[in-house]
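Start from chain A and add chains B and C according to the hints.
Chains as they are written, first to last, in my numbering: chain A, 1 to 207; chain B, 1 to 261; chain C, 1 to 423.
Read the hints as simulated data drawn from the structure, not as lab findings.
The structure presented is a predicted model; accordingly, all values stated were derived computationally and were not measured.
Ideal Cβ positions, reconstructed from N, Cα and C, are used throughout, including at glycine.
Possibly wrong hints are sitting among the right ones.
Facing chain C, from chain B, some residues (calculated, C-beta under 7 Å) [what the hints assert, rightly or not]:
{"no.": "1", "residue": "Val84"}
{"no.": "2", "residue": "Glu107"}
{"no.": "3", "residue": "Val123"}
{"no.": "4", "residue": "Tyr125"}
{"no.": "5", "residue": "Ala126"}
{"no.": "6", "residue": "Met130"}
{"no.": "7", "residue": "Thr202"}
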Amino acid sequence: MITEDDIIIVDDMRRDMSLTERFYLPQIAQGLSVTLRRMFTKRVTLQYPEMRREPKLEGDLTDPHSQLNASRYRGVHRLNRDPDGRVACVACFMCETACPAHCIHIDAAESPWPDREKYPAKFDIDELRCIYCGMCEEACPVDAIELTYEYDLVGNTRNEMIFDKGKLLEVFDETCQIKPRRNPRITGYAGTGSPDHQPARPTGEQH
Amino acid sequence: MNASLPYLIYALFAVGGAGIYLALPRSGRSTAVPGSILGLAAVGMFVAVVAKYALPSEGAGFSYLFSAMALIGAGRVVTHPKAVYCVLYFVLVIISVSMLLVLQGAEFLAIALIVVYAGAILVTYAFVLMLSQQSASVPGDVRSREPFLAVLAGFFTMACIAGQVGDLPLAAAPSSEQVIRLAQHGEADQAVMPEMMVDGNTAAMGAALMTKYVVTLETTGVLLLVALVGAMAVAKKRVPIEESPDPEKPLGQVGREAAPF
Amino acid sequence: MLDLLKNQLLFSGLLIAVLMGAINLGVAYCTFYERKISAWIQNREGPNRVGFFGLFWGFHFWGYGQPMADGLKFLLKEEMIPDKADKPLYVMAPAISFIVSTIGIAVIPWGGYLDIDADGIVDVACQVANPDIGLLYVLGVGSLGVYGVVLGAWASNNKYSLFGGIRAAAQMLSYEIPLGLAILVVVLSCGEVRLENIVRAQIEGGGTWNVFVHPLAFFLLFVTQLAETNRAPFDMAESEQELVGGFHTEYGALKFALFFLSEYTHMIINSAFLCVLFLGGWHFPWIPGLGLEDTAWWAVLAKMAMLGTKIAGCVFVYMWIRWTLPRFRFDQLMRLAWKGLIPTGLGLVALAVVMTYFGIPGSESVWPKLIWGLGGNAAVLFMVVLVVGMSPAGVTGRQANMPPISLLSPAKRVPRADQGTAN
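Same shape as in the complex, but just chain A (with noise of 0.2 Å):
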């Protein structure tokens, strides 16, 4: 309910106009050589296909115009391998549960490999129903889904936009280059080959 001491008047709103302002014609002139000035500056657009913003992990990534933070992006999907070039889920189920739109969907299969004991053998995203928030990757405790810089995706049907591991696993190999995998901070698998294999978390907080 609104009482008596919630109205505010805003004095602004309440100034005499000044005679310029009641005549009118100074103040459209001003506006008139803004909008003219604009007209002569540097253009933001950027030309989608043949420019595109490059995206970089680190550096200068002051430009919006040119550069897209590709650590921070929410483009499409990956699923990520471990350095064994496995595929790094653990069927945990935890991005299903967290995912707002319901568009994951995995059957966990008993894991062939000694370092765990269930791997995906299904993972589908739909990547239609996606709504790109992020928060199956919040949810990853190995950090095995992840949400890349790629923007552009574009399908004929829709069953080519049901993402299954094969492609998103593709979708790791492609992106791989530019945003690398960053190490699991919870299981402490950091698999056999990595050689800049270091823990994630702060030293203080090791147990």
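Just chains B and C, lined up with the frame of chain A:
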């Protein structure tokens, strides 16, 4: 000229009047079709009579065309049940009449007619009538009021005017040729007329208005001004400024003030 | 062949054909440049993709094929007539709008007189018709322009459209008066109503275009023409934000395209009119071939090009204003017309009358005209500013019937930060 011709013309007026009377919108069974046929027949016969007796002249075909357009349009102004269409037919009449004026070499009058009537007055009509209902369902739209008296008065006036202009027996006026001659070579205008007539008559018209008819013109202007002031005096409603019950909360400030931007 | 062209009637027919083509093409590219200019003002590129059907090795010519694509789209859209619309009027309204805005080209003097076979005798006038009432003809045709809008609005049977139509009618009626006053100033100072002779009067008077003698009248005419064409900031009739398009809400496909075309045609014709009345028509000093005595075909073409350039400049200003200024509120619109433009116009007419009485417009020298004209305009402007300054101050964003500011309790008045006023 045939002595019985005037009475033939009056008879045609009567036929036309009967047609209009029948075609006027009314409640009950519509007689618009026989009325329209009668009216069109009257217009056609009138054109035939005029064509028989008129002197051959340049642009006569256009003259007949625009006259017929004006007559039929004027008939539709009073007989169409939808008010907006009536305004449109009125515009048609105005344009046809202004074309007739152009044919007579009176371009200024033609354009003045269009600017004043079609451009201003009828737009105001349209402005008001647009607020009327689109489907003519109101009784006032469907039924015309006092159709017989209106038609009688209208066509009697028309007969009288026709008698004034031409050689009809209702009035003993100078013939139209004499009128035109007088207007063109009137004494007061002779000083300004001759050279300007070569270039068209707008300048001559302006000169006549500003010399010979200046008092009339100014009187008309003052009359219109008085009417304007009077209309504003009548229309202006004095609304007493309401006292705000609460001096802390003045009028018009009851809820939250919405800033315009 | 050349002898046939010497006939003014046939030449006028040819001119009509050429002008209709040129103006329709001009209108198409006006829509293109409208989008371009709006884009430039907003730091964008605007349409730059459509070329000419992929010809020329796929080169897209900076989007110059866009108007063709737009026209094709309008042609191929479905023609719809709303169920409850008044069908005859609904179909007629765009046509009326387009015809009325187009017939104004008839009296514009596009290029002076033409001597076709170069024998020193002027053969034809480069003008479709040169009636005795040329200027009033434009006025009359312009005053009919509102019918298309009003009828389209009414026939659509849509309340928003009706609002648009009513606004258009009221606006048009109010702005006809200052329009007439501004034109009257020109008529008084040139002593002519034939447009060709008005151009001639401006050239013969030492090349003083009317805009140099009567700048305020020029401004007045420009503002009222903005209102007559329903262009921003006077586009109350179609205001997209409140009335979702106003009078053309219910229109689509080619009928909408006709409304669209008529708006731009109206702009072009009005600009031509403005150029002829105030900017010396096809005349430009210091350029050879643009004088009264030049009647060869190349000189006439140069004159037409010059007038075209001036028209393009005026149309650019129309667009520039549209993408700069926000729309007027309706009471502001009416106040501007009745309390601002009409008194100013009356003052200018009085000035022109006084100048005519002292024989200033007919003088051979340039200086008396400039001194009288500019001095008088300054006086009128001073009077206007004086009246504006002395009238009670309007307050932004307030209705007139609200109490004065002093009644507001001080506790609730929050000063704006950068004003720094007390309380």
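(message) Under 7 Å is the threshold here; is the Cβ of Tyr125 (chain B) close enough to any Cβ of chain C for the hint to stand?
(response) Cβ of Tyr125 (chain B) sits 10 Å from chain C, so the hint is violated.
(request) Report holds or violated for the interface hint on Glu107 (chain B), using the least CB-CB distance to chain C and a cut-off of 7 Å. (result) holds (5 Å)
(message) Would the hint on Ala126 (chain B) be counted as holding, given a Cβ-Cβ threshold of 7 Å to chain C?
(response) holds (5 Å)
(message) Next item in the hint list is Val123 (chain B). Is there a CB on chain C closer than 7 Å to its CB?
(response) holds (5 Å)
(request) Under 7 Å, Cβ to Cβ, is where Thr202 (chain B) needs to be relative to chain C, so tell me if that hint holds or is violated. (result) holds (5 Å)
(message) Min Cβ distance, Val84 (chain B) to chain C: is it shorter than 7 Å?
(response) holds (6 Å)
(message) Does the closest beta carbon of chain C sit nearer than 7 Å to the beta carbon of Met130 (chain B)?
(response) holds (5 Å)
The structure is inconsistent with hint 4 alone, although it conforms to all the rest.
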